[in-house]
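Trainee: For the sequence shown, the positions run 1 to 367 when UniProt numbering is used.
The hints are simulated quantities; they were obtained by calculation from the structure and are not laboratory data.
Watch out, some of these pointers could steer you wrong.
[As the list claims (entries may be wrong)] Pairwise CB distance ranges (calculated):
no., residue 1, residue 2, range
1, Glu98, Gly244, 36 to 46 Å
2, Thr248, Thr352, 34 to 44 Å
3, Thr248, Ala180, 25 to 35 Å
4, Glu186, Gln366, 18 to 28 Å
5, Glu298, Gly343, 24 to 34 Å
6, Leu27, Thr248, 47 to 57 Å
7, Lys367, Asp289, 22 to 32 Å
8, Asp287, Arg131, 18 to 28 Å
9, Lys361, Thr248, 22 to 32 Å
10, Gly107, Pro297, 29 to 39 Å
[Claimed, not checked] Okay, derived cross-link-like pairs now, SDA-like style, lysine to any residue, Cα gap no bigger than 25 Å in a straight line:
no., residue 1, residue 2
11, Lys184, Glu266
12, Lys184, Leu95
13, Lys282, Glu266
14, Lys54, Glu31
Built from N, CA and C at the ideal position, the CB exists for glycine as well.
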Amino acid sequence: MPLKPDITPPEAQDTRVGFALVGIGKLTAEELIPAARTSEHARVAALVSGEPDKAQGFARALGLTDGDAYTYEQFDELADRDDVQAVYIVLPNSLHREYATRAARMGKHVLCEKPLGVNAEDAQAIVDACREAGVLLMTAYRCQYTPEHWAARDAVQDGTLGDLRLLHSIHAQVEDDPEAWRLKRELAGGGPLPDVGIYSLNTLRFLTGQEPEWVFATQHQPDGDPRFQEVEASMSALLGFPGGVSATIQTSYAAHDTGTLRVMGEQGSLNMDPAFPYDGLKLSLSDNDGTRQPSFPEYDQFTLEFDHFARCIRSGDTPWTPGEEGVQDHVIMDALYESARTGQVVRLPTHTKRDAFRGTKPQLPQK
């Protein structure tokens, strides 16, 4: 995929926050690097990969040098790079804790792909390490930075839909490769739930600004399928939010690509279909007067993430989706797995403060 043109004049590039991208997989190559090139406040200053030739190739394409490409064994050498203020960790889930902790000890701010770890204990350790080091930590929940999701959130919280009643979300895809790291429990922490189902969970929490009080879940792990020897193929969950609001989530690695979101209130409803891809989101709002589809400006989700975190680094503000937001999803996912294992409802700690796990509101793109 050709790189997007860099919109920032060369003489201005040094004023942007420098990021080291840790891990050069498909997401980094096809989304993050192009997004950083069009970012107003962030730039790629270094790359870290287990494939030196690959990293050096991308470095050259970005106008960097071979010396800006590091192996994982050289990761700690970033401590000497004053032009690298932050790292973006794009590695298998089980490696997030190690590299986030090492980055924090170097004094680097940390932007980490979701999920934050493999369980709540893992994620909390990352939060503690960054707090102790005095660096910012942001969980990369891209769907909390789009104008479509914010418009949906506004409709839920400003009374447009009336009193909230039901929420439902499906996020599924087919995972074909039995050797994929996402199908290895030690590396991923679970199956589709922490990978794609987390979008449903996190978005429902974001829309309502509330936390579930209890969960009940079932999962399916078919016999004889080499893909699902270690992790679930599918999970269905029921979540009880304050005020009797009921939410359902379904996620799978064995169902056709689907990402939908429905919210039903007493006076109206909203539908996002698709709700979770990198582009092409569609939002519909319905009430007794009919259905309307708001329009939104063009943007890149990952550019919005980069710019928000870079602004926070400069201002010292807490990111909108800090590490605590990532920990809370792990607390809920751990409870979902416990419920699926025991067949029992699992109650969760009560949180009365709206948006208890979030920071400074991001700037949204304007038309």
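Trainee: If a hint holds in the structure, say so; if it doesn't, say that too.
Mentor: Here is how each hint holds up against the structure:
no., hint, in the structure
1, Glu98 with Gly244: 36 to 46 Å, "holds (42 Å)"
2, Thr248 with Thr352: 34 to 44 Å, "violated (24 Å)"
3, Thr248 with Ala180: 25 to 35 Å, "holds (27 Å)"
4, Glu186 with Gln366: 18 to 28 Å, "violated (44 Å)"
5, Glu298 with Gly343: 24 to 34 Å, "violated (47 Å)"
6, Leu27 with Thr248: 47 to 57 Å, "violated (28 Å)"
7, Lys367 with Asp289: 22 to 32 Å, "holds (24 Å)"
8, Asp287 with Arg131: 18 to 28 Å, "violated (44 Å)"
9, Lys361 with Thr248: 22 to 32 Å, "holds (28 Å)"
10, Gly107 with Pro297: 29 to 39 Å, "holds (36 Å)"
11, Lys184 with Glu266, "violated (43 Å)"
12, Lys184 with Leu95, "holds (13 Å)"
13, Lys282 with Glu266, "holds (22 Å)"
14, Lys54 with Glu31, "holds (16 Å)"
When each numbered hint is compared with the structure, violations occur for hints 2, 4, 5, 6, 8 and 11.
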